[in-house]
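Visitor: Respectively, the protein sequence lines represent chains A and B. Each residue of the first sequence is one higher than the one before, starting from 255 at the first, in my numbering. Each residue of the second sequence is one higher than the one before, starting from 3 at the first, in my numbering.
What the hints contain is simulated information worked out from the structure, not anything from laboratory work. Take these hints with a grain of salt, some might be off.
Derived SDA-like pairs (lysine to any residue); straight-line CA-CA distance at most 20 Å [stated by the list, open to error]:
#1 A:K263 to A:Q361
#2 B:K57 to A:T355
#3 A:K311 to B:A3
Listing some non-contacts, in silico: residues in chain A with all C-beta distances to chain B over 10 Å [as the list claims (entries may be wrong)]:
#4 A256
#5 Q265
#6 V266
#7 S272
#8 M273
#9 P315
#10 R322
#11 L323
#12 R326
#13 S329
#14 S334
Examples of chain B residues lying across from chain A (beta carbon under 10 Å, computed) [unchecked claim]:
#15 V6
#16 F37
#17 I48
#18 L49
#19 A95
Where is the CB? At the ideal position from N, CA and C, for every residue including glycine.
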Amino acid sequence: NAGVTQTPKFQVLKTGQSMTLQCAQDMNHNSMYWYRQDPGMGLRLIYYSASEGTTDKGEVPNGYNVSRLNKREFSLRLESAAPSQTSVYFCASSEDTGRYTEAFFGQGTRLTVV
Amino acid sequence: AQTVTQSQPEMSVQEAETVTLSCTYDTSESNYYLFWYKQPPSRQMILVIRQEAYKQQNATENRFSVNFQKAAKSFSLKISDSQLGDTAMYFCAFTAGGATNKLIFGTGTLLAVQP
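Start from the sequences, fold in the hints, and give me the full structure.
Guide: In structure tokens form, the structure reads like this:
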């Protein structure tokens, strides 16, 4: 049971380059999320998707785009990377039925923009 | 807007002793959920314990327990009989639930368990 799988685990980009972070879950969850983790700031929500075909902005969406390709996959795209986007990125998923269910996290992607 | 505050950036405890990590939050929601997540050096986010706001009884999971004070909006984590494997970053988190379980995290407390 893989849970939530993120690729890649590490990436170095030059300023201005673009890339897509991939996330897939095999738990048939409705909701998926992208967070970034920065020192001293905890995890902050970038974008989320409550169901296939829908996406919404979180706390820090600027500079990012997302795609909910199907129920399993939720990708995060940096169109023109900036040093301020150096961070650890986490994808998560949960089965939301109107009350709380546990969120499951991927292993994270450490992204460095130089 | 909801906020979560962890005022202890770093803490240290001797092996086998007890340590308490603090968390306060602010919300106008009447029902919500609170969590403690552990992040070891592997980076994996591990759910340690959760508390539903409408439950008055404090949650416990083996050596981990919480002191949930709803009126004071306080949610502290107590780790008993600390072990070297408890060394990690600990995050307090909040969600109001509903259509999505968007989590709001505190800034974290780095706990070091000393041998």
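Visitor: Taking the hints in turn, state whether each one holds.
Guide: A quick look at each hint next to the structure:
Proposed proximity of K263 (chain A) and Q361 (chain A) is supported: the alpha carbons are some 8 Å apart, at most 20 Å. Taken as a hint, the K57 (chain B) and T355 (chain A) pair is honoured in the structure, with Cα atoms around 16 Å apart against an allowance of 20 Å. Distance check on the hinted pair: K311 (chain A) and A3 (chain B) sit about 15 Å apart at the alpha-carbon level, within 20 Å; holds. A256 (chain A), annotated as away from the interface, keeps every beta carbon of chain B farther than 10 Å; the closest lies near 13 Å.
The claim that Q265 (chain A) is not at the interface with chain B holds, since no C-beta of that chain comes within 10 Å of its own (minimum 14 Å). Non-interface status of V266 (chain A) relative to chain B is upheld: no Cβ of that chain comes within 10 Å, the nearest being about 17 Å off. Distance check on S272 (chain A): its Cβ is at least 24 Å (rounded) from any Cβ of chain B, clearing the 10 Å threshold; non-interface status holds. Chain B leaves M273 (chain A) outside its interface by the beta-carbon criterion, the shortest separation being 19 Å against a cut-off of 10 Å.
Distance check on P315 (chain A): its Cβ is at least 13 Å (rounded) from any Cβ of chain B, clearing the 10 Å threshold; non-interface status holds. Residue-level check passed: R322 (chain A) sits 13 Å from the nearest beta carbon of chain B, beyond 10 Å. For L323 (chain A), the non-interface assignment is confirmed: its Cβ lies about 18 Å from the closest Cβ of chain B, beyond the 10 Å cut-off. The beta carbon of R326 (chain A) sits about 17 Å from the closest Cβ of chain B, which is more than 10 Å, so the claim that it is off the interface holds.
Distance check for S329 (chain A) against chain B: the nearest CB is about 18 Å away, which clears 10 Å, and the non-interface claim stands. Non-interface status of S334 (chain A) relative to chain B is upheld: no Cβ of that chain comes within 10 Å, the nearest being about 26 Å off. Hint status for V6 (chain B) relative to chain A: holds, with the closest Cβ pair at about 8 Å, below 10 Å. Annotation: F37 (chain B) was flagged as interfacial toward chain A, and the flag holds, the nearest CB pair being 9 Å apart, inside 10 Å.
Annotation: interface hint on I48 (chain B) holds; nearest CB of chain A at approximately 8 Å, less than 10 Å. For L49 (chain B), the shortest C-beta to C-beta distance to chain A is roughly 6 Å, which falls under 10 Å, so the interface hint holds. Hint on A95 (chain B) holds. Least Cβ distance to chain A is approximately 8 Å, under the 10 Å limit.
Hint compliance for this structure: every hint is met.
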